[in-house]
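Between the sequences and the hints, there should be enough to build the whole structure, so can you do that?
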Amino acid sequence: MSNGITEFFGDIYGGLQQIGSAVSPALPAVVGGLLTNEAYDRLSDIGEQSILGTTVGGVRVPGAMELAERGQAESQFKPFTVTTPTGAMFTARMGGQPMQTMPAPSSGGFAPSPTAPPSMALPPGMGGLNREMEDLQRQLMSIPRSIRGGTNEFGQEPMLGMGEMDLNNLPPMARISEQQREDIRRYQNIKSRMDEVAAERRSLSPPQGGLLEGPLTNFTEVPVGQLAQQQPTTGGLEVGMTLSPQEQAMQQQLFGGAGGFFGQAVQPTQAREQAIFERMRAAQRPEEERQRLALEERLAAQGRLGVSSAAYGGATPEQLAMATAQEEARNRAMLGAMQQAQAEQAQQAGLGQQFLGASYLPQTQLLAAAQPAQRMAELQQQAQLYGTGLFGETAMSGLESRLLAEQARANLLGGIGSNVLAGLFTPQVTKSGTVIDPGGFGDIGSIIEGIGGGSGGLFDFLGITDQNNDGTWLSRLFGG
Amino acid sequence: MAQELKSINLVAPAFKGVNTEDSPLAQDPSFAEIADNAVIDKRGRIAARKGHTVVTTNKTVLGTDSLYSIKEYRDDAGNTKVFSVGNNKIISGTTTLADETPGSYTISANDWKIVNFNDHLFFFQRGYEPLIYSNHVGSVEALSSHPHATGVASTMYGHEVLAAYGRLWTADFSTNKSTIYWSDLLDGASWSGGSSGNIDVSKVWPDGYDEIVALAAHNGLLIIFGKHSIIVYDGATSPASMTLSDTVAGIGCVNRDTVQYTGTDVLFLSHTGLKSFGRTIQEKSMPISSLSGNITKDIIAALQNETQFFRSVYSPEEGFYLLTFTGQDVTYCFDVRGTLENGSYRVTRWPSTKFTSYTRLEDGTLHIGTSSGISTYTGYSDNGSGYRFKYYSPSLTFGDSARIKILKKLKPTLVGANNSVVFMKWAYDFDTTYATTEFTVGTQITGFYGESEYTTVEFTGGQLTNQRSLNTTGYGTSVQVGLESEIDGSPLSLQEINVMALIGKLL
Chain A
1 MSNGITEFFG
11 DIYGGLQQIG
21 SAVSPALPAV
31 VGGLLTNEAY
41 DRLSDIGEQS
51 ILGTTVGGVR
61 VPGAMELAER
71 GQAESQFKPF
81 TVTTPTGAMF
91 TARMGGQPMQ
101 TMPAPSSGGF
111 APSPTAPPSM
121 ALPPGMGGLN
131 REMEDLQRQL
141 MSIPRSIRGG
151 TNEFGQEPML
161 GMGEMDLNNL
171 PPMARISEQQ
181 REDIRRYQNI
191 KSRMDEVAAE
201 RRSLSPPQGG
211 LLEGPLTNFT
221 EVPVGQLAQQ
231 QPTTGGLEVG
241 MTLSPQEQAM
251 QQQLFGGAGG
261 FFGQAVQPTQ
271 AREQAIFERM
281 RAAQRPEEER
291 QRLALEERLA
301 AQGRLGVSSA
311 AYGGATPEQL
321 AMATAQEEAR
331 NRAMLGAMQQ
341 AQAEQAQQAG
351 LGQQFLGASY
361 LPQTQLLAAA
371 QPAQRMAELQ
381 QQAQLYGTGL
391 FGETAMSGLE
401 SRLLAEQARA
411 NLLGGIGSNV
421 LAGLFTPQVT
431 KSGTVIDPGG
441 FGDIGSIIEG
451 IGGGSGGLFD
461 FLGITDQNND
471 GTWLSRLFGG
Chain B
1001 MAQELKSINL
1011 VAPAFKGVNT
1021 EDSPLAQDPS
1031 FAEIADNAVI
1041 DKRGRIAARK
1051 GHTVVTTNKT
1061 VLGTDSLYSI
1071 KEYRDDAGNT
1081 KVFSVGNNKI
1091 ISGTTTLADE
1101 TPGSYTISAN
1111 DWKIVNFNDH
1121 LFFFQRGYEP
1131 LIYSNHVGSV
1141 EALSSHPHAT
1151 GVASTMYGHE
1161 VLAAYGRLWT
1171 ADFSTNKSTI
1181 YWSDLLDGAS
1191 WSGGSSGNID
1201 VSKVWPDGYD
1211 EIVALAAHNG
1221 LLIIFGKHSI
1231 IVYDGATSPA
1241 SMTLSDTVAG
1251 IGCVNRDTVQ
1261 YTGTDVLFLS
1271 HTGLKSFGRT
1281 IQEKSMPISS
1291 LSGNITKDII
1301 AALQNETQFF
1311 RSVYSPEEGF
1321 YLLTFTGQDV
1331 TYCFDVRGTL
1341 ENGSYRVTRW
1351 PSTKFTSYTR
1361 LEDGTLHIGT
1371 SSGISTYTGY
1381 SDNGSGYRFK
1391 YYSPSLTFGD
1401 SARIKILKKL
1411 KPTLVGANNS
1421 VVFMKWAYDF
1431 DTTYATTEFT
1441 VGTQITGFYG
1451 ESEYTTVEFT
1461 GGQLTNQRSL
1471 NTTGYGTSVQ
1481 VGLESEIDGS
1491 PLSLQEINVM
1501 ALIGKLL
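As they're listed, the protein sequences go chains A and B. If you use the working numbering, the first sequence corresponds to residues 1 to 480, in order. If you use the working numbering, the second sequence corresponds to residues 1001 to 1507, in order.
Hints were generated in silico from the structure; no laboratory data involved. Note that this is a predicted model, so its numbers are computed, not measured. Beta carbons: idealized from backbone N, C-alpha and C, even for Gly. Just so you know, not all the hints are guaranteed correct.
Stated by the list, open to error - A few chain A residues that face chain B, going by a derived Cβ cut-off under 8 Å, partial list only:
id	residue
1	F261
2	A310
3	T430
Said to hold, decoys possible - Quick look at which bits of chain B chain A covers, simulated, 3 or more residues with Cβ under 8 Å:
id	region
4	1198–1212
5	1232–1245
So this is what it looks like as structure tokens:
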């Protein structure tokens, strides 16, 4: 390491001596200008690389936009599914995310139900297409925004990407790097595949109607058991709840029972009142008949069977009393029948309500079971967001470090250039006190030599080398 | 040696009334074989009945018909009016009879029963709408026309009516013989609503079936007379709650107009004679005594032969119960002051009186209805005409029916009979041909100082007694003695008859 540093500074001073002795007085001015220009360009490149990313040491370093897009992609809602021990399933996902299939009932579960279970299973091949589509989207997001276009991470500043350009028919003045060409090709391939996958998915998806034909909202709550029949096409949050076949059967049975009870509850009560009244009267009649016969015998013994008094409704006081008592009993029976019928009606309504409530119990329990999972999903989302943020911050700190380093290097190079230019026009005093006039441009050949030697030259000192042997150093130095 | 005369003294002869039921030979001499136009006077003697004096002076509306019912209307204000029926009319008045028949009300029968009730007078006859008279209306009218009448219907056009326990009770309808209707309380014109009602006793008759003939109220009981049974209800003050108290089978009432109240008894004529309810305190049974036990056969024959009306009256002042068979023109007079050993009343007979109706006024006056109009039971002539008083003893054997009796003398002791011709009669061995001797009673008018002093009258005080000794003839084992006198203005009582006879040999 120390050898390297010593060699480095030897190269610099050797070059300067050569500049001072061999270069013509005009050469320093040229070199200074070039260095300043190089510093400027580097700073520009660093800014661009901080946004678009670069490759350092063969490792791809993402830019800010790429980080943002990646962060956005990684902070996407993660679909999750909660499956209860009874086989019910709670599913939350964003539109376009793959669906979850219905888990098989446990071996100790309910007996197979004749009711056709609502299926969460996707059409054959749909799952693979979905996964492929996700991969394609992920790949697409890895392409620089300058290529794929779109908005920034805040959804703003929409711009057209170069991905739609035809590489075989570029305009003459187009200056596209090879990397950009490669990105454009990748972008076009991905888009092409995505179109194919989308076409295949559409071909596999059943015809949609009703709810899905209308404009979709960002959040769609799908009724229980209907998720499998719906293929949302939006990016909104989709929540689905599916009960197990056994629960479905029970739910339908409870629903049917509730309907039956409610149906009975809304029926007119007259017929039931009459039926209850008849039953009550049937229970009362034998005793009434016994009482009537006893009274008849008493009246007969008293010789009063034929008594009819207007004051007692055309009968005897005892007969009137009995008739009154019987009528009161009849009235009580009637009122009792009415109350009983109404009570039964209320009971039917209550049972209907109970059945209705019980029919929602699987769903309620499913929601209750989903709550801890939702918490877990939140934790996972938090961890995901935290990781994404940490990744972004770390990556951005690397970029910032690189930016600072490159900035420092550019400043250094710019300072050297400035000094060279300043020395070109500044008189030099030798040890003997002789004032030497500025020579202007010196021997540029030594500089070139130095450069041609490939070792110890100023260019090497400035990092303007052609170590990659791409023959472009000159063009990079002077542009073009 | 001359035989001694045997004397048989008939003291107060016939004071037990007529007895046609027992064997004449075994009879007590206190009975009579015949006692016509006689009563038992206050001293227990047989005497001539009173006559009647017609008070009616104008009986145009009656025509030749007789009065078959008489009733005095009285209200709380003291208004009175005598009503009678006859000649198919409702008649009012006593001296001048006035037709009170409502307009357009046709009557073809005179068997009305008239009762006073709560300031109203009600007329009931089977098949006719009841009539009503009240002082506030002032005329007789059909019941349905009365201001406060309700529920008047043909079903309650009864033949019997009774005013008792604050209501009118009616029964004996044309087609319903077992139902009794009662009116609202204190309103005889209201037969619906209120506490009115009815009772069907068809299931109560003790022998299965009967027909209501008469009603009576006595001692808190409602007595329902059938033709041959009687049922008694207790608690009739509340008819809806009254209960059967007693039933009597085999004895009924012949006619509603034979029922009379004597204060302690209810008299009525049954098919077997005059009956009464004896009042008991401790026993709740209904003892029935026969009051006509001495003339049972005669009564039965009379009621069986009767084709018109039965009329009766009870007069506490006279102490008798009169029972008249108008079709046969015979009246039986029952002395209600006491009963004989067999429980019968002493009874006499009043034949050919032409009495067709009676009523007793509040002052005790006994009104008699005849074809002459309204009479009062007073005096000793039938509206100026005499009537024959008859007494015939049962056959007398003088204690030995095997020996011949030779009647020597008859010594009757008479009370009254002023200037009357008295016929003494006798016959032997049940012969109906009587030997007769007569005498004329002298003037029996009492004289008083200052009025007929020292003139024509003798110095007598009170009613005069006349005793004669009459020679008789003939002989036989049994002797029947009789006395007849025409009663025309003076009373006559038979105090005793002393029979003098010789007892002959055995036959």
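Run the structure past the numbered hints and jot down the numbers of the failing ones, going up.
-> Failing hints, ascending: 1, 3.
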